[in-house]
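**Student:** Below are the chains, spelled out letter by letter.
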Amino acid sequence: MKKRNLLLTVLLGIMLMLAACGTPKVPEANTSTDNGGGKKAVSGEVKEITVAGNGGKIEQLIRDEIGPKFTEETGIKINYVAGLSGEIYAKLELQKNSPQIDVATFTPGDVVKAGNADLIEQVDSTVFPNLDKMDNKYIYSDKGVPIFGYTVGIAYNTAMFEKEGWAAPTSWNDMYRAEFKGKTAYPEVSNAWGHAAFYNLGMANGGDLENIDPAIDKAKQVAAISDTFYKNSTQLLPVLQQETAAISILANYVVTDLVDGGLPIKMVIPEEGAPLQSLTAVIVKNTPKKEAAEQFINFVTEETSQKIVAESGFYPVLTDVSLPENIEEIIGISDAKVYTPDFELIAKESENWIERFAKEVVPELGKGL
Amino acid sequence: MHENIQKRDISERPRKRKLKRFLSPALLILPLLVFIISFFVVPMLYILYLSFIDVKEGLNTEGAVYSIQNYVNFFKDPYYLSSLWLTIKISIYTVIVCLVLGYPVALTMAKSSVKVRSFITLLVVSPLLISVVVRNFGWYLLLLPNGTINKVLMGLGIIDSPLKLLFSEVGVVIGLASAYLPFMILAIATSLYNIDPSLEKASSILGASPLRTFRTVTLPLSFPGIVAGTTLVFSVSMSAYVTPTLMGGAAVPVLPVVTYDRIMVLFQWTYGSAMSYILLITTLVIVFIYTKIFEKSKYGEVFK
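Chains as they are written, first to last, in the working numbering: chain P, 1 to 369; chain R, 1 to 304.
Do not rely on the hints blindly, as some may be mistaken.
[To be verified] Quick list of the computed label-pair ranges, beta carbon to beta carbon: (1) P:Glu162 - R:Ser38: 37 to 45 angstroms; (2) R:Leu199 - P:Gly56: 54 to 62 angstroms; (3) R:Phe288 - P:Gly56: 36 to 44 angstroms; (4) P:Pro129 - R:Phe40: 45 to 53 angstroms; (5) R:Gln69 - P:Glu328: 47 to 55 angstroms; (6) P:Gly55 - R:Thr216: 51 to 59 angstroms; (7) R:Tyr79 - P:Asp217: 45 to 53 angstroms; (8) P:Asp124 - R:Val133: 52 to 60 angstroms; (9) R:Thr121 - P:Glu328: 54 to 62 angstroms; (10) R:Ser38 - P:Gly56: 41 to 49 angstroms; (11) P:Asn116 - R:Ser131: 58 to 66 angstroms; (12) R:Ser38 - P:Asp320: 48 to 56 angstroms; (13) R:Met44 - P:Pro129: 48 to 56 angstroms.
Everything labelled a hint here was simulated from the structure, so no lab data went into it.
Glycine included, C-beta positions come from ideal geometry on N, C-alpha and C.
Given the sequences, and given the hints that come with them, work out the whole structure.
**Tutor:** Here you go:
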């Protein structure tokens with residue numbers, strides 16, 4: 001008797017499981033037929049748009065500072081979904097046929113990927129008049145509109161440098177100066193900042209985006225004097241705040257935050273140049289709220305919004321807006337050499353970089369300590 | 001009349017009883033079953049499906065073909081194999097540390113009065129009330145090269161240069177062991193509570209020293225708890241992500257961390273899925289062999 005009951009339970013369970021297996025496919029099929037009917041041209045009655053982007057500083061800027069002003073002007077509320085770019089990208093793919101997100105903010109590499117995967121709308125430059133007022137260096141793709149400018153440079157603790165009598169870094173090659181051993185806090189190549197430092201280190205030593213051997217060689221020297229490479233800012237920042245590390249690779253908007261927190265830190269754009277990038281707003285393919293999404297992106301690229309952006313430590317993308325003086329001092333790029341890298345090629349090559357870095361560079365960690 | 005009812009009851013009992021016996025537990029576990037199926041089984045099957053698809057990037061499986069390429073790639077590359085081995089090694093270290101630190105505590109709990117026991121239980125469980133991220137950050141700040149521990153040791157003149165506690169296997173094992181120690185202690189303590197105290201008395205009456213009593217009576221009888229605790233700690237250590245990321249960083253690329261990077265940084269969902277299944281199956285196989293060895297040993301009797 002007992003055995004038969006057990007068998008029944010198991011069978012029932014398997015049936016349920018099989019029934020459940022079918023479900024994930026069903027909604028997809030349904031929505032795709034739904035959607036074929038046509039995009040709804042919603043205009044005036046849109047009450048809310050969903051913006052997806054990174055958490056932390058970017059979230060705060062959009063949700064708490066620019067968003068409310070946009071709502072005040074247009075009556076459209078901003079629903080901000082915070083997540084890592086990988087998560088947002090996966091959502092765009094899974095919701096391809098019925099997008100729940102209207103605007104996403106991505107770094108250039110992800111914009112290129114999303115563009116190639118046909119997840120985002122082509123930008124119609126006539127709809128975005130502010131594009132003409134932007135610094136050309138920010139424009140790299142016709143799939144998105146740059147909203148917050150940033151770059152990646154070498155950041156160093158001025159007090160610690162002074163105490164040790166070290167000269168301020170000026171080149172990407174200063175990353176592996178022997179005297180910094182054990183005092184470094186560099187991010188991994190899978191991290192956006194580490195990624196930028198990596199190919200720039202290579203380019204400063206005769207390599208290019210397709211020939212990264214020089215970058216690997218120099219990165220090995222960097223690894224030798226480092227305790228570890230950090231996965232992300234959550235891990236990296238405490239080490240700087242505790243003054244365990246004196247030198248790091250950071251983006252400008254983090255440096256200003258650290259300065260606000262009382263840390264004597266300064267960012268240097270190495271003489272070989274640093275890649276100027278932007279957090280880019282993209283319109284999700286087939287969103288029914290395209291107009292409202294465009295309206296929002298236009299609002300963020302207006303002068304008033306860009307002034308808020310500048311105060312927060314990002315670079316304003318409009319040529320007419322400049323950084324406040326006190327911020328210019330710490331992260332200014334007006335006399336520095338910044339350039340627009342080939343993001344398309346970088347996106348293509350980065351898997352190879354990450355693999356080689358993990359296999360060839362990481363094992364060298366701490367060998368020179 | 002009374003007799004009458006009883007008679008009818010008896011005649012209809014077998015069928016009804018059978019149904020009842022089956023129905024009530026089924027209804028009771030139904031909510032859990034639905035929950036597990038929709039939030040565990042289905043996603044797991046989806047991941048399994050993904051792992052057999054050969055798509056380089058993203059989740060777009062249109063026009064993709066089934067293949068075992070992801071698995072082949074994994075086993076062909078020594079980097080991933082060493083990552084898997086590192087994961088197993090760290091989990092085993094964690095289990096050993098937990099066992100060594102946890103057993104005496106569990107033994108103390110078993111031997112003390114109810115009041116003391118509940119107090120110790122509270123102490124043991126209290127770390128679980130704090131989020132794993134917060135706890136790890138605590139360790140992080142303690143273990144930094146110029147953190148508290150290194151400063152104290154250097155101040156006392158025990159060491160000259162900072163010990164490499166963070167960003168190393170040691171750091172990860174410290175973090176994991178401190179997080180999972182409660183599981184080990186509670187599992188062992190439960191099995192120790194169930195030991196009949198008269199067995200130990202009998203042992204000492206027969207002339208065994210306390211050490212011998214422990215070795216031949218208490219320890220073997222607590223094997224079920226040890227096995228439960230070690231498998232539990234081993235399995236959660238194998239899949240730990242937060243602690244190895246924070247405490248190990250780049251220097252300790254355990255498989256969950258490597259998998260996460262594949263999916264979140266390179267968007268290689270299918271390869272990442274295959275990696276997570278390899279991790280899952282490895283864990284299951286190791287746990288299975290381990291418990292079988294114990295059950296087949298001469299102490300197998302205590303598991304029945």
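**Student:** Confirm or reject each hint.
**Tutor:** Status of each hint after checking the structure:
The given range of 37 to 45 angstroms is broken by Glu162 of chain P and Ser38 of chain R, whose C-beta atoms sit roughly 60 angstroms from each other. Remark: the range hint 54 to 62 angstroms for Leu199 of chain R to Gly56 of chain P is upheld by a beta-carbon distance near 59 angstroms. At roughly 43 angstroms, the beta-carbon separation of Phe288 of chain R and Gly56 of chain P lies within the given 36 to 44 angstroms, and the hint holds. Under the hint 45 to 53 angstroms, the C-beta atoms of Pro129 of chain P and Phe40 of chain R, about 50 angstroms apart, fit the expected range.
A C-beta distance of roughly 52 angstroms is found between Gln69 of chain R and Glu328 of chain P, which places it inside the suggested range of 47 to 55 angstroms. Taking the beta carbon of each, Gly55 of chain P and Thr216 of chain R are about 57 angstroms apart, inside 51 to 59 angstroms as hinted. The supplied range of 45 to 53 angstroms is broken by Tyr79 of chain R and Asp217 of chain P, whose beta-carbon atoms lie about 19 angstroms from each other. Taken as a hint, the range 52 to 60 angstroms is violated for the pair Asp124 of chain P and Val133 of chain R, whose Cβ atoms sit roughly 43 angstroms apart.
For the pair Thr121 of chain R and Glu328 of chain P, the beta carbons lie near 59 angstroms from each other, so the given range of 54 to 62 angstroms is met. Here the CB-CB span from Ser38 of chain R to Gly56 of chain P is close to 32 angstroms, at odds with the stated 41 to 49 angstroms. Here the CB-CB span from Asn116 of chain P to Ser131 of chain R is close to 38 angstroms, at odds with the stated 58 to 66 angstroms. Between Ser38 of chain R and Asp320 of chain P the beta carbon distance is about 53 angstroms. The supplied range of 48 to 56 angstroms therefore holds.
Taking 48 to 56 angstroms as the suggested C-beta distance range, the pair Met44 of chain R and Pro129 of chain P conforms, at roughly 50 angstroms.
In summary, the structure is inconsistent with hints 1, 7, 8, 10, 11 from the numbered list given earlier, while agreeing with the others.
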